[in-house]
Amino acid sequence: MEFIDKKTIRLDKIPTLLDNFVVDFTKVLEKHAGYVIVSGYVSILFGRSRATEDIDILIEKMSKEDLIILYSELKENGYWCVEIEDVNEIMDMLLEGLAVRFAKKPNVIPNIELKFVKNTVEKDAIKTAIDVVLKTGKIRISNIELQIAYKEKVLKSEKDMEDARHLEGVFKSNIDNKLLGEYREMLK
Amino acid sequence: MKVFDKEKNSKQRMDFVDTWADYVRTHPDSDWSRQQKIVVDSQLENNSKQRKK
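Those sequence lines, one after another, are chains Y and R. Sequential numbering from 1 applies to the first sequence in the working numbering. Sequential numbering from 1 applies to the second sequence in the working numbering.
Treat the hints loosely; a few may be bogus.
[To be verified] Which chain Y residues stay away from chain R? Per the calculated CB distances, all over 12 Å, these:
id: 1; residue: V28
id: 2; residue: I59
id: 3; residue: T120
[What the hints assert, rightly or not] Restricting the straight-line Cα-Cα distance to at most 25 Å, the calculated cross-link-like pairs of lysine to any residue (SDA-like) are:
id: 4; chain 1: Y; residue 1: K159; chain 2: Y; residue 2: N174
id: 5; chain 1: Y; residue 1: K138; chain 2: R; residue 2: D41
id: 6; chain 1: Y; residue 1: K172; chain 2: R; residue 2: S10
id: 7; chain 1: Y; residue 1: K27; chain 2: Y; residue 2: D124
id: 8; chain 1: Y; residue 1: K159; chain 2: Y; residue 2: D176
id: 9; chain 1: Y; residue 1: K135; chain 2: R; residue 2: S30
id: 10; chain 1: Y; residue 1: K156; chain 2: R; residue 2: Q12
id: 11; chain 1: Y; residue 1: K153; chain 2: Y; residue 2: K188
I should point out that these hints are in silico values taken from the structure, not numbers from a laboratory. C-beta: ideal position from N, C-alpha, C; glycine also.
Chain Y with its partners taken away, still in its complex shape (with noise of 0.2 Å):
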């Protein structure tokens, strides 16, 4: 695991399935959304000793037209909606702050759960995202201090904890202190 800069990591891990998924997934995704992977994933990327059977990814808002690309795209490259097929449906889900889930056919798990940003917090981790280079591709993932303080301030369940306390332990003498201290107070 290398640094290249502040918001370029090189990571030359073997891939997981999981791996493989994303990278393949975002490939698409990033020809038509801004978008940033949170939450658990974050964690399995750098090396958490467990799996998870869905990927969270916010997007940024995009109009209906765009949606209908897009979705027609992931389609062509194999991949289908999980609850809804109807573009407007899709549309009325993500409107409405849901996910929709994106597997690859005819799969179920592993999925991607793709969300609208809707908050400050969202909209600012899609700001300061950062690159994790891998052997098959580049994908964006939030910043690790606010993945850390997001998990123990506002997810909290004992994975969680677990997820934030591998992040701290691997990036210990990467990680940004005063700006985690603001993160931590700011989602407390």
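Since the structure of chain Y is provided, determine the placement of chain R on it from the hints.
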């Protein structure tokens, strides 16, 4: 008799998280990721098989 001590179990789990995070930080990516891949891929494959049953 206390059969399961939740608090002790949580502490042990957290201790292991610390140990593994130290390992990840101090070893080459190829080393820890080879081990992680076995855990992650097998969990995914098992979950997938369970769902298909």
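Check the structure against each numbered hint from earlier and tell me which ones fail, lowest number first. Of the numbered hints given earlier, the structure breaks none, since each of them holds.
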